[in-house]
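Here the protein sequences come in this chain order: A and B. Going by UniProt numbering, the residue at position 47 of the first sequence is 47; the numbering climbs one at a time, nothing skipped. Going by UniProt numbering, the residue at position 251 of the second sequence is 251; the numbering climbs one at a time, nothing skipped.
Read the hints as simulated data drawn from the structure, not as lab findings. Be aware that one or more of the hints could be misleading.
[To be verified] Cβ-Cβ distance ranges computed for the label pairs, FRET-style:
1) A:E312 <-> B:V4: 37 to 43 angstroms
2) B:Q334 <-> A:D9: 31 to 37 angstroms
3) B:S310 <-> A:E113: 45 to 51 angstroms
4) A:Q336 <-> B:V4: 31 to 37 angstroms
5) B:L332 <-> A:E101: 18 to 24 angstroms
What you are looking at is a predicted structure, and each value in this text was computed from that prediction instead of being measured. Quick reminder that beta carbons are idealized off the backbone N, C-alpha and C, glycines included.
Protein chains: 2
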Amino acid sequence: MKLVCKKSDLISGINIVMKAVSSKTTMSILECILIDATEGEIKMTANDMELGIETKVLGEIIEAGSIAIDAKIFSEIVRKLPDNDVLIEVNDETKANITCENAKFNILVKSAEDFSYLPVIEKNNKITISQFSLKEVIRQTSFAINDAEKNKLLTGELFEVHGNKLKVVALDKFRIAIRNIELKEEYGDFKVLVPGKSLNEISKILNGGVDDDVNIYFTNNHILFEFDDTIVVSRLIEATNYFDTDKMISNDYKTKITINKKEMADCIDRATLLIKEGDKKPVFLTIKDTEMELSINTFIGSMDESIPISKEGSDIMISFNPKFLIDILKVLDQEQVSIFFTNPKAPCFIRDEENSYIYIVLPVVQ
Amino acid sequence: MKLVCKKSDLISGINIVMKAVSSKTTMSILECILIDATEGEIKMTANDMELGIETKVLGEIIEAGSIAIDAKIFSEIVRKLPDNDVLIEVNDETKANITCENAKFNILVKSAEDFSYLPVIEKNNKITISQFSLKEVIRQTSFAINDAEKNKLLTGELFEVHGNKLKVVALDKFRIAIRNIELKEEYGDFKVLVPGKSLNEISKILNGGVDDDVNIYFTNNHILFEFDDTIVVSRLIEATNYFDTDKMISNDYKTKITINKKEMADCIDRATLLIKEGDKKPVFLTIKDTEMELSINTFIGSMDESIPISKEGSDIMISFNPKFLIDILKVLDQEQVSIFFTNPKAPCFIRDEENSYIYIVLPVVQ
Numbered sequence: 001m002k003l004v005c006k007k008s009d010l011i012s013g014i015n016i017v018m019k020a021v022s023s024k025t026t027m028s029i030l031e032c033i034l035i036d037a038t039e040g041e042i043k044m045t046a047n048d049m050e051l052g053i054e055t056k057v058l059g060e061i062i063e064a065g066s067i068a069i070d071a072k073i074f075s076e077i078v079r080k081l082p083d084n085d086v087l088i089e090v091n092d093e094t095k096a097n098i099t100c101e102n103a104k105f106n107i108l109v110k111s112a113e114d115f116s117y118l119p120v121i122e123k124n125n126k127i128t129i130s131q132f133s134l135k136e137v138i139r140q141t142s143f144a145i146n147d148a149e150k151n152k153l154l155t156g157e158l159f160e161v162h163g164n165k166l167k168v169v170a171l172d173k174f175r176i177a178i179r180n181i182e183l184k185e186e187y188g189d190f191k192v193l194v195p196g197k198s199l200n201e202i203s204k205i206l207n208g209g210v211d212d213d214v215n216i217y218f219t220n221n222h223i224l225f226e227f228d229d230t231i232v233v234s235r236l237i238e239a240t241n242y243f244d245t246d247k248m249i250s251n252d253y254k255t256k257i258t259i260n261k262k263e264m265a266d267c268i269d270r271a272t273l274l275i276k277e278g279d280k281k282p283v284f285l286t287i288k289d290t291e292m293e294l295s296i297n298t299f300i301g302s303m304d305e306s307i308p309i310s311k312e313g314s315d316i317m318i319s320f321n322p323k324f325l326i327d328i329l330k331v332l333d334q335e336q337v338s339i340f341f342t343n344p345k346a347p348c349f350i351r352d353e354e355n356s357y358i359y360i361v362l363p364v365v366q
Numbered sequence: 001m002k003l004v005c006k007k008s009d010l011i012s013g014i015n016i017v018m019k020a021v022s023s024k025t026t027m028s029i030l031e032c033i034l035i036d037a038t039e040g041e042i043k044m045t046a047n048d049m050e051l052g053i054e055t056k057v058l059g060e061i062i063e064a065g066s067i068a069i070d071a072k073i074f075s076e077i078v079r080k081l082p083d084n085d086v087l088i089e090v091n092d093e094t095k096a097n098i099t100c101e102n103a104k105f106n107i108l109v110k111s112a113e114d115f116s117y118l119p120v121i122e123k124n125n126k127i128t129i130s131q132f133s134l135k136e137v138i139r140q141t142s143f144a145i146n147d148a149e150k151n152k153l154l155t156g157e158l159f160e161v162h163g164n165k166l167k168v169v170a171l172d173k174f175r176i177a178i179r180n181i182e183l184k185e186e187y188g189d190f191k192v193l194v195p196g197k198s199l200n201e202i203s204k205i206l207n208g209g210v211d212d213d214v215n216i217y218f219t220n221n222h223i224l225f226e227f228d229d230t231i232v233v234s235r236l237i238e239a240t241n242y243f244d245t246d247k248m249i250s251n252d253y254k255t256k257i258t259i260n261k262k263e264m265a266d267c268i269d270r271a272t273l274l275i276k277e278g279d280k281k282p283v284f285l286t287i288k289d290t291e292m293e294l295s296i297n298t299f300i301g302s303m304d305e306s307i308p309i310s311k312e313g314s315d316i317m318i319s320f321n322p323k324f325l326i327d328i329l330k331v332l333d334q335e336q337v338s339i340f341f342t343n344p345k346a347p348c349f350i351r352d353e354e355n356s357y358i359y360i361v362l363p364v365v366q
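Next up, chain A with everything else stripped away, as it sits in the complex (with noise of 0.2 angstroms):
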C-alpha cells in the first residue's frame, strides 16, 4: 500500500472515526484504524464491536492495499507533522513508513484481515432528517440518559417512526425527555432503542446543517447513520419492555407559569454553590402571582432570589433537585418556557404548545 494525502485530510478523517476507537480493551486491534484503499477510494474505519465508523479521505492511491495502525499512536504522529503532504507506505504489512518533509517514521502496523469489518446493513426501512434536527435532539434529551444504569432501557434513547413523525425519548428514574418531530415524509412504523453513548459520538460528528441529510436505517439489531462521506453503525439494544410513556403525559395542570429561561437558569446555577458534592439538598419554588421566590438551605448557608414570572392558576410550593430543572433549561432554545404543576407531590412538566418537547420532572417530597 502505497498513498499520499494532506496532513489535515488525513486528520479529518482520523478525528471521525477516533469516536469509534475502543479505549478499555485487551483486544489491540480494536485499538486500530483500518486504512483501506483496496477499491479505488481511501477508507478510515474504527470498529469497538458496539458503534462502528467509516469514512472516505482524500488522497492519492500509489498503490492499492490496507492495514490496521494503533489510532493513537497514528493520530498523534499525524498532529505532530508539519503541514504537508503526508506518504504512508506499507512493503510487508508489519510496518509503515509515514514521512512528510524531512521527517520519517516507521512504525508497527497490523494485517487489515485482523480487523473487523463494519456488519453489513440492510436499507429497507429508512428515513431522512437534517444533520441540525438530529443534532438538536440529541442535544436537547440525552442528558437524561445514564450510561453506568444497570437497567439497560435507562442507558439508550427510543428513536420511534410512525408516519411522518419521529418521537425521541430518553428517561431515569426521575425525569423524562421527549422530542417530537415532524418528518418530511411518510415512513412505516419502526422503534428502537440506540445506545446512549453511540447517540453522544455520533452527535460529535455530525457538522449540523439545516441543509445536509442523514439517512437513518433501522434493523432489528443496528441503526446506521449515512451523512456526509461518513457511515455510523450502533448495535441497538433491546426494546420489547420499553416504557409507555404517552400514559405519563398529562395536559392537566392546577398552575401554569411563564419564566425567563436564562434568569431561571443563572439563578438555579447560583442556589446550587451551597450544595456540596454529594449532599442532596432542594431548591424550594414559591410561586405567587408574578413572582417565583427560589431558595435553599444549606450546612454553608442561604441563598433566596425572585423572578418575575406570569402565572395561570393557584399558588404553589414544591421542591426540586436544582440540577433536574437546569438540565433541562440548558438544553432548551427558547427565551421564554411554560412550566405546569399540579400539586407538591405531582411531577411538574416543561413545554410548548406543540408538545414538540416535553419534560417531565418528579418532585423532592419532604
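Since chain A is already given, all that's left is putting chain B on it; use the hints.
Just chain B, lined up with the frame of chain A:
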C-alpha cells in the same frame, strides 16, 4: 462591616489572593480570605503560611470592619452573581449577607482575629526590576525546579544580587538554568533561595508590563514583592550550602552549532511521540557539517529527521533525554539558538554571546 464593590473589582481581588489560599489543610482559617476595611481602604489577604498575598480592592466602605470568609465559596458566589454592585454586610461576625440585584446569600464567616496576618518585613535591602523581566526570568528558569524533591535546595530558585547584576538559578540533578539580568541601579550583595511554588504563583499575578516596576525586598527569612496594589511575601529556603554554579560553567567547546529553535523543538516533539510514559528513551543527535540528524528508536517504532544547521568545530554524536532539550527550547524567545558541545559524555551548553541565559544539560551516556 458593610461594603459595596463592583463584581468585577471583587473578582480581580479574589483572583490575586486565591494564589495564596491553602488547598490542602486541616486548618479551615487557611482556606479563608481576610476582607479588611478597618483603615479606610478595602484589602483582601490570603496566607498559607509559606506564601502570603495582600491586595487592595476598589469599593465603598459604608461601615468599617473585617471578616474572614471561605475563599472557595466566596469566589464561586461572586463569580455567579449578576454583573453589578455587590453589597457585603456583616452584623454579628458569624454570618455575612452578600446581595446583588435580587439574589441574596447568607454565608457563615469567621472572625478576622483568627486570621494569620502577613509578617512585617523590614524594607532595608531592595532592588527594582520591571514586571516583564521578573515574569520572564521565572518562566525561563522555573521548569528546572522539582517541587517534590527531598533536597530542599532543588525546590527553590536562587536570586543573587551583586551590584547592578541579578542572577537567577534553578537546577536539578541533570540540568541548570541561569538568567543574568542587568539592573538599572547599583545595589548591595544579597543571596536568597525562593520556593519555586511561590515564584510560579507570583508569575501568574504579574501583569508583565515593561514599564511596570516590582520592588523586591530581601530579609533573612522572607522575600517581599511589591507591585500594582499588591504585596506578596514568601518564606525563604535556607541557602547556605547552595551549589557554586560558576564552577560548572565553561566557555570551552569542541563543537558549536546554530539551529532554528522552532524546527528543533518541533522535531524533538515528534520524536517523543514514540516514547511511552515511564520509558526512558534518549534521542540521538548526529551533527555533521550542514545538518543535524535526530533519531529515536523505541518499542513503538523509529523516527529520523534532519535539520539544517551551521557548525563550527568537529562532528559529534551525542544522546539526550528529549524532555530536557524541549523544556529549554520552549522558553527561549530567540529564533536561532547556539548549542556548544565538548564530547558525548560532557554537558552541553545552550547560551547566547552575552551569557544573558545559560542552560547546561547532561547527556545520556550509554
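_For a quick check of understanding: which of the numbered hints are violated here, in increasing order?_
Going through the list in order, the structure violates no hint and respects every one.
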